[in-house]
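Asker: Given next are the chains, with one letter for each unit.
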Amino acid sequence: MKIDIDDLHVAYAGRTVVAGAHLIAAAGEITGLVGPNGSGKSTLLRTVYRHLRPVAGRVLLDGTDIRTMPARQSARHIAALPQERDSDFELTVREVVAMGRTPYKRGFAGEDATDRDIVARALRDVGMDGYAGRRFTALSGGERQRALLARAFTQQPDVLVLDEPTNHLDIRHQIELLALLRTQRRTTLVSLHDLNAAASVCDRLHVLHAGTVVASGPPREVLTPELMAEVFGVRAAVVGHPLTGDPLIAFDHRGP
Amino acid sequence: MTVADSTMKRADVAARPRGTLPAGPTAIVLGVALVAALTAAVAWGSTSISPGEVWSVVWRRLSGEPVRPGTDDLIVWQLRAPRAVLAALVGAGLGLVGTAVQALVRNPLADPYLLGVSSGASLGAVAAIVLGLGAGGALGLGLSGAAFVGALATFALVWAVARRGGGFAPLRLVLAGVAIGQFLSGFTSYLVLQAGDEQQTQSVLFWLMGSLGGANWDLLAVPAVTVVATGLWLQVRARGLNALLMGDETAAGVGIDVTRLRRELFTVTSVLTGVLVAVSGAIAFVALMVPHVCRLVLGGDHRRLLPISALFGALLLVVVDIVCRTAMDTQELPISVVTSLIGAPTLLYLLDRRLGSGS
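First to last, the protein sequences are chains X and B.
Everything in the first sequence is counted per numbering that gives the first Met the number 0, starting at 0 for the first residue and increasing by one.
Everything in the second sequence is counted per numbering that gives the first Met the number 0, starting at 0 for the first residue and increasing by one.
Calculated directly from the structure, the hints in this document are not laboratory data.
Since this is a predicted model, take the numbers as computed values, not measurements.
Do not take every clue at face value.
Derived DEER-like restraints, expressed as beta-carbon distance ranges [to be verified]:
#1 Ala108/X x Asp256/B: 14 to 22 Å
#2 Arg120/X x Asp217/B: 28 to 36 Å
#3 Arg120/X x Val235/B: 24 to 32 Å
#4 Gly109/X x Val160/B: 50 to 58 Å
#5 Gln193/B x Ala108/X: 52 to 60 Å
#6 Phe107/X x Gly131/B: 26 to 34 Å
#7 Gly126/X x Trp43/B: 53 to 61 Å
#8 Ala55/X x Ala155/B: 29 to 37 Å
#9 Gly109/X x Pro344/B: 44 to 52 Å
#10 Val235/B x Asp251/X: 32 to 40 Å
#11 Ser49/B x Phe107/X: 34 to 42 Å
#12 Ala55/X x Val227/B: 44 to 52 Å
#13 Gly131/B x Asp64/X: 52 to 60 Å
#14 Thr258/B x Pro35/X: 48 to 56 Å
Chain X regions said to be covered by chain B (calculated; three or more residues, Cβ under 8 Å) [said to hold, decoys possible]:
#15 46-55
#16 59-67
#17 81-87
#18 103-115
From the three backbone atoms N, C-alpha and C, an ideal C-beta is built for every residue, glycine too.
With these hints in hand, go ahead and build the complete structure from the sequences.
Answerer: Structure below.
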């Protein structure tokens, strides 16, 4: 399934943060969202997983406005990994992961064998088989992210929406998490701070600046020295990665 | 994805068996203990009655066999049984409301008493009495209604104060609640004393510290219906409460209409608090402690947590009321005297753990 964001306007805390954004996340591709702080990445993603309501414009799931669907219905297709990664409650990893079954359950319905299978498989997919009984808050950052990804998998979504999933992870865990996303081959919409990571794992990139999409396309075409200067305000050269051949952005850390 | 050795070690240290007790057997054990506690509550007192005699009186009353008039029937059926049942109902209600409020404000330190909501309910009820609405007609519905309005208004105020400036620290919410609650309690005391009824000291104690002394069968209908109805309502929304523990965005992401659920929870917990306060006054700490103890043995899943909290709350309050009735020869203790002695250290322990862990 694909996500089509059509002239989206979103206000947050009384301020218009997304102002007429257009973008498409194509089926089975990893679509990256990059941009400076405050450019509207998180706000846009929050609208896709229905935490925020657009002021105008639409988020279309295979052509259907998600706001016309019941929340449970769209949550069966779109699963999110928000930036909320903590809880003051002592939940077990299994309890956190099983939350992903919420949109499939009603009222007094308990967990059946299918649900248990799906939870077990999700834990296996992220390499956390033995972690079910552990306390979520006692996990390391990388483990937490994987547990939350497992929760998203238990929603059996067609579309994954991830807001800065590699934040606060060490480099190895960043690479592992992004590799895991690549193996999933689901429609994925992900915001990333690290432009080099985005250049390597994303099929297409959309650059957000002041609430609008200012550039879209394959990373090689989008990530140019001119764009670095204009959108991010930094000097950089774009070269070929010596190991992979992917675009590698070499920043001038000494400033302009 | 492989798991590095270092990660394994860290996880092993963090591993701790918890939340492993099965809900079914736990419920049975608590149920049996509750029946035993109810029996003891009716049997013990200034005049002791044997458990066999207690159940024989209850059996005759329930089965429609001719009642043997006498002191045993009077003490068991008219005096002690309604009070014991009220203790169980109020305890169950406090267990439920504590569990729900903690999920609602996403703060394990919250309960209606600490957040000042109980004080708001007391003030609402006292204001209704002073303004001459009295017990508000049949079944004390008017009193419950006034207490509900007080609870809801206070909850909204505390929430608004705690959220000011965008940030939302858990301790800020509790401090706002305590401050507003104390203010309202002061006002309640003033109203009661100013009204100048003959038992004003007793009234102040009732509204601020709780008592089950006013129990009779007619009084039980409203709390019974409310506790059962809100308990079922919450049980249906248990998965939504689970998701709220991780935050609003998570809940929205798994298909919960967060705005609506939160609005409904504000109303339902205020109704429950209002009804409980109207029949028993403001009871400290029970709604805070019960969900914590239950989470410790059962884990955080509300589908199990809600019914077990209700049962454990009922058991706890029946036992506490026995202590309140029998600890002193000359007079009864207010409920909060006993619950504070257990609850305040519990709160300190929770605060210490929270601040100590830096989270």
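Asker: Next, verify each hint and record whether it holds.
Answerer: Here is what the structure says about each hint:
no.: 1; hint: Ala108/X x Asp256/B: 14 to 22 Å; verdict: holds, 18 Å
no.: 2; hint: Arg120/X x Asp217/B: 28 to 36 Å; verdict: violated, 56 Å
no.: 3; hint: Arg120/X x Val235/B: 24 to 32 Å; verdict: holds, 28 Å
no.: 4; hint: Gly109/X x Val160/B: 50 to 58 Å; verdict: violated, 39 Å
no.: 5; hint: Gln193/B x Ala108/X: 52 to 60 Å; verdict: holds, 53 Å
no.: 6; hint: Phe107/X x Gly131/B: 26 to 34 Å; verdict: violated, 44 Å
no.: 7; hint: Gly126/X x Trp43/B: 53 to 61 Å; verdict: holds, 58 Å
no.: 8; hint: Ala55/X x Ala155/B: 29 to 37 Å; verdict: holds, 30 Å
no.: 9; hint: Gly109/X x Pro344/B: 44 to 52 Å; verdict: violated, 37 Å
no.: 10; hint: Val235/B x Asp251/X: 32 to 40 Å; verdict: violated, 59 Å
no.: 11; hint: Ser49/B x Phe107/X: 34 to 42 Å; verdict: holds, 41 Å
no.: 12; hint: Ala55/X x Val227/B: 44 to 52 Å; verdict: holds, 45 Å
no.: 13; hint: Gly131/B x Asp64/X: 52 to 60 Å; verdict: holds, 55 Å
no.: 14; hint: Thr258/B x Pro35/X: 48 to 56 Å; verdict: violated, 30 Å
no.: 15; hint: 46-55; verdict: holds (count 3)
no.: 16; hint: 59-67; verdict: violated (count 0)
no.: 17; hint: 81-87; verdict: holds (count 6)
no.: 18; hint: 103-115; verdict: holds (count 4)
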